[in-house]
Amino acid sequence: MASPTARVHIDGMNIHAKSATRTLDIGGMTCASCVAHVEKALKSAPGVRDARVNLATERAELDLGPEADLAALAKRVEAEGYEPRRKTFEIGVKGMMCGACVAHVEKALQKVPGVLKASANLATHRATVETLSGTVDYATLAAAIRAEDYEPTPIEAQNPLADRAAEAAVLRRNVLLAVAGAAPVVALEMGAHLSPAFEMWTHHALGHQAVMMLAAALTTFVLAVPGRRFFTLGFGSLRRGAPDMNALVALGAGAAYLYSLLATFAPDVLPEGARHSYFESAAVIVAFILFGRWLESRARGRAAEAIAGLARLQPKIAHIRRDGATVDLPVEEAQVGDLIEIRPGEPIPVDGVVVEGASHVDESLITGESLAVAKKPGDSLVGGAVNQAGFVVMRAEKVGEGTALAGIVRLVESAQGAKLPIQALADKVTAVFVPVVLALAALTFTLWMVFGPQPALALALVNAVNVLIIACPCAMGLATPAALMTGSGRGAELGILFRRGDALQRLAEIKTLAFDKTGTLTLGQPALAQIAPASGFADNDILALAAAVEARSEHPLARALLAAAQARGLSVPEVADFAYEPGLGVSGRVDARKISVGSTELMQALGADASALAETERTQAGQGASVFYIAVDGVAAGLFAFADPPRPQSAAAVAALKTLGVAPVMLTGDREATARAIGARIGVSDIGAGLKPEGKVAALQAYAKNGPVAFVGDGVNDAPALAAADVGLAMGTGTEIARNSAEVVLVGSNPEKAATAVALSRAVLRNIKQNLAWAFGYNILLVPVAMGALYPVNGVLLNPAFGAAAMALSSLFVLGNALRLRTFKA
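Counted from 1, the sequence shown has number 537 at position 547 by our numbering; the numbering is strictly sequential.
Calculated directly from the structure, the hints in this document are not laboratory data. Each residue gets a CB set at the ideal place from its N, CA and C atoms; glycine is no exception. Any given hint might turn out to be false.
Derived DSSO-like pairs: lysine-lysine, alpha-carbon spacing no greater than 27 Å straight-line [as the list claims (entries may be wrong)]:
{"no.": "1", "residue 1": "Lys65", "residue 2": "Lys101"}
{"no.": "2", "residue 1": "Lys30", "residue 2": "Lys65"}
{"no.": "3", "residue 1": "Lys84", "residue 2": "Lys107"}
{"no.": "4", "residue 1": "Lys101", "residue 2": "Lys33"}
{"no.": "5", "residue 1": "Lys815", "residue 2": "Lys97"}
{"no.": "6", "residue 1": "Lys77", "residue 2": "Lys107"}
{"no.": "7", "residue 1": "Lys501", "residue 2": "Lys77"}
{"no.": "8", "residue 1": "Lys648", "residue 2": "Lys584"}
{"no.": "9", "residue 1": "Lys65", "residue 2": "Lys107"}
{"no.": "10", "residue 1": "Lys77", "residue 2": "Lys65"}
{"no.": "11", "residue 1": "Lys33", "residue 2": "Lys84"}
{"no.": "12", "residue 1": "Lys815", "residue 2": "Lys759"}
{"no.": "13", "residue 1": "Lys306", "residue 2": "Lys388"}
{"no.": "14", "residue 1": "Lys759", "residue 2": "Lys682"}
{"no.": "15", "residue 1": "Lys77", "residue 2": "Lys33"}
{"no.": "16", "residue 1": "Lys501", "residue 2": "Lys366"}
{"no.": "17", "residue 1": "Lys501", "residue 2": "Lys33"}
{"no.": "18", "residue 1": "Lys97", "residue 2": "Lys65"}
{"no.": "19", "residue 1": "Lys695", "residue 2": "Lys682"}
{"no.": "20", "residue 1": "Lys101", "residue 2": "Lys84"}
{"no.": "21", "residue 1": "Lys695", "residue 2": "Lys815"}
{"no.": "22", "residue 1": "Lys648", "residue 2": "Lys815"}
{"no.": "23", "residue 1": "Lys107", "residue 2": "Lys815"}
{"no.": "24", "residue 1": "Lys97", "residue 2": "Lys77"}
{"no.": "25", "residue 1": "Lys84", "residue 2": "Lys97"}
{"no.": "26", "residue 1": "Lys107", "residue 2": "Lys33"}
{"no.": "27", "residue 1": "Lys306", "residue 2": "Lys501"}
{"no.": "28", "residue 1": "Lys84", "residue 2": "Lys65"}
{"no.": "29", "residue 1": "Lys695", "residue 2": "Lys501"}
{"no.": "30", "residue 1": "Lys366", "residue 2": "Lys388"}
Label pairs and their calculated CB-CB ranges [unchecked claim]:
{"no.": "31", "residue 1": "Pro782", "residue 2": "Ala429", "range": "42 to 50 Å"}
{"no.": "32", "residue 1": "Leu799", "residue 2": "Glu120", "range": "50 to 58 Å"}
{"no.": "33", "residue 1": "Ser589", "residue 2": "Ala670", "range": "20 to 28 Å"}
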């Protein structure tokens, strides 16, 4: 006999008596003192026998008793100021068919030590599992899923469209087999009731017992071949004490089948008036439910087409220049730095920059923008866009999983697999629904046996089977994920990417939407709007002199001056003695003359009288323009007015938000006069100007008192506001920091997409509410009918076959309603 301290290895865990050894990855430790703090915190926790922390590996090795809670240990580490690292697994799950299946998978995964959160999705057939890094691996999670009789698959092995097509093909074959077996049974059983002549003919030709035996054989085939999945999965779930939808079908069809076998082969066991067969009900139940599953599978495949459509944008072949020649290679072999030829009409294989040639590129399938975009050397190209008439050569900068298209696919998949807060109610109901249905079926059977008329046994059986069949929770499980999957896919087609699924629900509830100004509502590219020369000076002369000095500056307005000089074909002279005066401007010498360009304060510092230009400055400032002065040898020579015009779609975006009942706001760091001028042009009156990043956050907090707030921005300085808002929307043309701080990415530069995102989120949420109302309402109304509530009123009982049809139609209604989101218009 082994000693009590003997160690054995079970499922990757070292078991020492009643203790297990686990590891926990911890970040943020920098010294031996950190190690001591973490060890002390861990050792004082309930269930921890010993803790050994290694600074080099950033890992804690723990000897745990059965009462230890890894999640609680992680919180202790966090309380000490260190970071217990997390790892997220994405696992494909085959075999989930209803909301109860989802609940079982989630419950099994959450029982695994080290799992913090598990979420399964019926529409995508995936589970997302957040774990404490170092405590659990893929194999352990897969084993937990497999123990529930579902099949885990690596995400890399998943091909959503191919998987749906294969599933639909198997279901179609099973439907055909089930119909082939059930149709003769229905004809034999129901034909006799509908036509006495038919009954006489079959009994004369075959004999009553032969008819019954033929029906028994055909029904056995239907249940054993196409319907076998319901029994293997259903009885497996019953054995584990976690019944699911398959259990309801197996019990319902199985009870009808076994009762019919007794009526056929051992009729003396049953009372005289109860010797009826229900072979047609058992066979038709399986046929109808398989038919509904087949249609569901096809519908889910259509919902998955958004991702597949994006993936299809990626071309298979790239014309790559290698060793002095152009060779056609699989796009997977493209490398960063490769020169790739793009011929007219071809899709662009990877992300990069034009180095030769010029063309127009259709980016509509990536950005949602309908107009083709002109491309020349130096301009960026996005993989998946389509080259139109010209021939260009690009240099690859991002390939494979690093491309924008791959990122979009990942975002859409992530959003489709998310859970919305509204789904919490459905999950709670579904978790207890199947046991409640089993209890109701048992209650129905008992009540009919005790209080029902003769033949009580037959009536009790029929009504109990009705309850089992009609109360399937499929529609409840599909209500939210089907709408979310379709809606987020449609969003991707419109250039709206939900990085987090729950952002979709929160966006639907916003009361205020705040925009950054520069680069969001405006083009973000200041242009020279007016030159006002002083007396004795000419436009082109002062522009050339100003451009000469500003050529050394990095200021955005300096680049606008240079661009204007180049556009006029002016020769820009060389500058000497260049100097930058912070807060004032720049100066230098051009052909022995001192040239100074900058603000009004610079003119005052030089003693240059600019009063003759003051009225022009006031007029331009009132229109939202920024002004630079130029002085030549200390004399005010003129001024330049710069404007950052609104984007063409900004006014329409603001109008659309007002129509939706959302208050538009502008928050900017620019001057109030400029902000007011832009606001007047696009229809925004609620404006916060001169705001630093922390000022924008404070403003959002003030607006949040009236309800949820969203913020749209594109710059580094917008990141705090994007993170602070209830929903952050980042323009896809903005900085990576902004995009990473937002829950929603608007591909391209069109602010109208913010309004479209709000409208889409509301459409999805409305669709979900419709689905849930149908799913719950269906069961609330029809379960009492299935129990026989109408019988005392009008003598009507529901046929189990019709119950199966109603159950299938319930799920199809939910899926069909969700698929309407594919037609959503911007």
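Provide an ascending list of the numbers of those earlier hints which the structure does not satisfy.
When the structure is compared with the hints, numbers 5, 7, 8, 11, 14, 16, 17, 21, 23, 27, 28, 31 and 32 turn out to be violated.
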